[in-house]
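Please work from the sequences and hints to get the whole structure.
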Amino acid sequence: MRLEWETSFPQLLVEIEEHLQQSRVFFNGAQVFLEVGQRPVLQHDMEQLAVILERYNVTLQGVISAPPSQTRRAPAVSSPIPVLDPNTMLHVERRTVRSGEKIAAEGHVIVIGDVNPGAEVIAGSSIFVWGSLKGAAYAGVPDQTEAVIAALHLAPIQLRIAAYIARPPEAQSTTASAPQLARIDRNNIVVEAWDRGRVFQQRG
Amino acid sequence: MTGQVITVTSGKGGVGKTTFSANVSAALAALGKKTVAVDTDVGLRNLDIVMGLENRIVYDLVDVVEGRCRLQKAIIRDRRIDTLHLLAAAQTRDKNAVSPDAMEKICAELKHLFDYIIIDSPAGIERGFQNAIVGADEIAIITTPHVSAIRDADRVVGLLEAADKHKIRLVINRVQPAMVRRGDMLDIPDMLDILSIEPLGIIPEDEAIVTTSNKGELATQETTSKAGLAYMNIARRILGEDVPFLQLESGDGLLQWFKRLFRIK
Numbered sequence: 000m001r002l003e004w005e006t007s008f009p010q011l012l013v014e015i016e017e018h019l020q021q022s023r024v025f026f027n028g029a030q031v032f033l034e035v036g037q038r039p040v041l042q043h044d045m046e047q048l049a050v051i052l053e054r055y056n057v058t059l060q061g062v063i064s065a066p067p068s069q070t071r072r073a074p075a076v077s078s079p080i081p082v083l084d085p086n087t088m089l090h091v092e093r094r095t096v097r098s099g100e101k102i103a104a105e106g107h108v109i110v111i112g113d114v115n116p117g118a119e120v121i122a123g124s125s126i127f128v129w130g131s132l133k134g135a136a137y138a139g140v141p142d143q144t145e146a147v148i149a150a151l152h153l154a155p156i157q158l159r160i161a162a163y164i165a166r167p168p169e170a171q172s173t174t175a176s177a178p179q180l181a182r183i184d185r186n187n188i189v190v191e192a193w194d195r196g197r198v199f200q201q202r203g
Numbered sequence: 000m001t002g003q004v005i006t007v008t009s010g011k012g013g014v015g016k017t018t019f020s021a022n023v024s025a026a027l028a029a030l031g032k033k034t035v036a037v038d039t040d041v042g043l044r045n046l047d048i049v050m051g052l053e054n055r056i057v058y059d060l061v062d063v064v065e066g067r068c069r070l071q072k073a074i075i076r077d078r079r080i081d082t083l084h085l086l087a088a089a090q091t092r093d094k095n096a097v098s099p100d101a102m103e104k105i106c107a108e109l110k111h112l113f114d115y116i117i118i119d120s121p122a123g124i125e126r127g128f129q130n131a132i133v134g135a136d137e138i139a140i141i142t143t144p145h146v147s148a149i150r151d152a153d154r155v156v157g158l159l160e161a162a163d164k165h166k167i168r169l170v171i172n173r174v175q176p177a178m179v180r181r182g183d184m185l186d187i188p189d190m191l192d193i194l195s196i197e198p199l200g201i202i203p204e205d206e207a208i209v210t211t212s213n214k215g216e217l218a219t220q221e222t223t224s225k226a227g228l229a230y231m232n233i234a235r236r237i238l239g240e241d242v243p244f245l246q247l248e249s250g251d252g253l254l255q256w257f258k259r260l261f262r263i264k
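Heads up: the sequence lines are chains A and B, in that order.
Numbering that gives the first Met the number 0 numbers the first residue of the first sequence as 0 and each following residue consecutively.
Numbering that gives the first Met the number 0 numbers the first residue of the second sequence as 0 and each following residue consecutively.
No wet-lab data here; the hints were simulated from the structure.
Note that the structure is predicted; figures quoted are calculated from it, not measured.
Built from N, CA and C at the ideal position, the CB exists for glycine as well.
One should not assume that every hint holds.
Claimed, not checked - For lysine-lysine, the following DSS-like pairs were computed, each having C-alpha atoms within a straight-line distance of at most 30 Å:
#1 K164(B) with K32(B)
#2 K164(B) with K101(A)
#3 K33(B) with K214(B)
#4 K166(B) with K33(B)
#5 K101(A) with K166(B)
#6 K72(B) with K33(B)
Unchecked claim - Covered, in the sense of this in silico footprint (three residues per stretch, anywhere, with C-beta under 8 Å from a C-beta of chain B), are these stretches of chain A:
#7 97-105
#8 120-126
Stated by the list, open to error - Computed list of chain B residues with no C-beta within reach of chain A, every gap over 12 Å:
#9 V57
#10 A107
#11 V146
#12 A152
#13 A177
#14 R181
Pasting the structure below:
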């Protein structure tokens with residue numbers, strides 16, 4: 000379904016709910032992607048959306064966004080965007096993950112909230128944090144090198160993807176708040192702006 | 000009477016839990032509320048010393064748990080503020096002398112006798128901590144502007160949420176405004192952002208606290224003490240009053256600081 004750009008988020012939620020209501024059977028058990036385009040999406044909005052989707056037994060597989068900067072920036076020329084299998088299991092955590100807490104799941108892990116220093120998130124596939132990632136994140140455990148770690152604010156104590164380990168540089172500024180994504184590129188963990196659109200790609 | 004149990008905890012030691020418990024209890028009592036401070040730090044008791052009531056202890060918490068005396072008999076009434084009371088911890092035993100079940104029963108009983116029950120917990124997250132939080136209606140987390148204290152506070156908040164305790168407020172102790180302004184100390188909005196819990200109070204570093212706690216006097220009775228004033232304000236917030244946060248020191252950037260502070264709901 001497609002909704003208008005000008006509509007406010009609360010109104011969108013109403014429209015989404017109406018749509019789900021009308022096609023209740025069709026959507027029951029469905030897995031959906033939310034493509035937000037250049038619209039800024041707040042955590043609060045996401046939480047409300049999650050509640051509605053849950054009510055109709057719909058799983059949010061991923062969020063696809065294109066920040067405003069993308070339209071003005073020259074296209075990136077490095078390696079292709081990682082393609083993740085949308086059939087991978089998805090674990091969604093909707094809270095602040097605090098020091099001493101550990102979230103571990105075999106598939107992708109999505110955290111809607113912050114991951115605080117001293118907390119650990121471990122995933123068989125990729126990790127997406129809809130908030131600040133300040134703790135440790137281990138993606139692609141044990142050997143999935145195409146896994147990525149992405150956060151609205153990526154400031155981890157340590158990152159690991161498969162067997163690769165990265166620490167942030169000593170003098171990293173914690174004020175940079177643009178969404179970032181870490182992935183493996185030629186045997187190194189590289190961190191880049193998370194503005195290249197689709198992270199999940201549907202096949203077929 | 001249905002009292003309110005407020006547990007004071009922090010994870011890390013030495014951040015000011017006992018000083019906070021003593022002074023907030025005194026402040027609540029001074030505001031006319033019948034208050035009891037309970038020391039659950041069995042084996043390392045301190046609250047009686049800070050409150051200046053050490054020499055009046057006859058029975059303690061463990062005596063009550065083990066049935067050697069009735070609860071009322073173990074409670075000491077302060078002579079300076081007659082609504083202020085203390086239930087001391089035993090010094091010669093350890094944390095295992097009290098079980099969470101026993102503590103829950105004592106809290107329930109105290110709620111019939113007092114308006115406010117302030118429970119001072121030991122450092123750490125083991126048995127003593129479990130004992131301290133089991134009967135709590137509300138939790139006050141104490142931290143200082145140090146990375147390690149914040150980290151431990153965050154851990155404790157996680158444990159509290161897991162234990163289904165959701166009324167949690169934050170107290171930032173020993174703040175040095177000059178250092179915060181120079182950027183040498185963690186700033187308050189950042190701390191609130193990390194812990195994402197509501198603030199209950201901000202207490203400035205104050206030398207008077209060292210003197211008063213050593214003498215067993217209460218800072219809230221010193222009208223010149225900035226920390227004493229902060230404790231009074233915290234007591235008023237506990238009573239539901241809308242008290243603005245203390246203006247620590249005038250200077251550049253402070254207005255900004257408060258603006259950011261009040262964005263937190």
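**OP:** Could you grab the alpha-carbon distance between K164(B) and K101(A) and see if it respects the 30 Å cut-off?
**Re:** 19 Å, holds
**OP:** Starting from K72(B), check that the Cα of K33(B) is at most 30 Å away, please.
**Re:** 16 Å, holds
Subject >> Residues of the segment 97-105 of chain A with Cβ under 8 Å from chain B, three needed, outcome >> reply: n = 4 at 8 Å, threshold three: holds.
**OP:** Please settle this one: V146(B) was flagged as non-interface, so is its CB more than 12 Å from every CB on chain A?
**Re:** Per Cβ check, V146(B) is inside 12 Å of chain A; nearest 8 Å; violated.
Original post:
Does A152(B) really sit off the interface, with its C-beta more than 12 Å from all C-beta atoms of chain A?
Top reply: Incorrect as stated: the minimum Cβ-Cβ distance to chain A is 8 Å, not above 12 Å.
Original post:
In terms of Cβ atoms, is chain A entirely out of 12 Å range of A107(B)?
Top reply: About 29 Å separates A107(B) from the closest Cβ of chain A, which puts it past 12 Å; holds.
Original post:
Does the structure keep K33(B) and K214(B) at a Cα separation of 30 Å or less?
Top reply: Holds. K33(B) to K214(B) sits at ~24 Å (cutoff 30 Å).
Subject >> Beyond 12 Å from every chain A Cβ - status for V57(B) >> reply: The claim holds: V57(B) sits with its nearest Cβ about 40 Å from chain A, beyond 12 Å.
**OP:** Measuring Cβ to Cβ, find out whether R181(B) lies farther than 12 Å from everything in chain A.
**Re:** 18 Å, holds
Subject >> Distal placement of A177(B) relative to chain A, Cβ over 12 Å >> reply: 23 Å, holds
Original post:
Under the criterion that the straight-line Cα-Cα distance not exceed 30 Å, is the pair K101(A), K166(B) satisfied?
Top reply: Cα-Cα ~23 Å, so holds.
**OP:** Would you check the hint for K164(B) and K32(B), treating anything up to 30 Å between C-alpha atoms as holding?
**Re:** Holds, at about 24 Å.
Figure legend: structure checked against the earlier numbered hints; hints not met, in rising order: 8, 11, 12.
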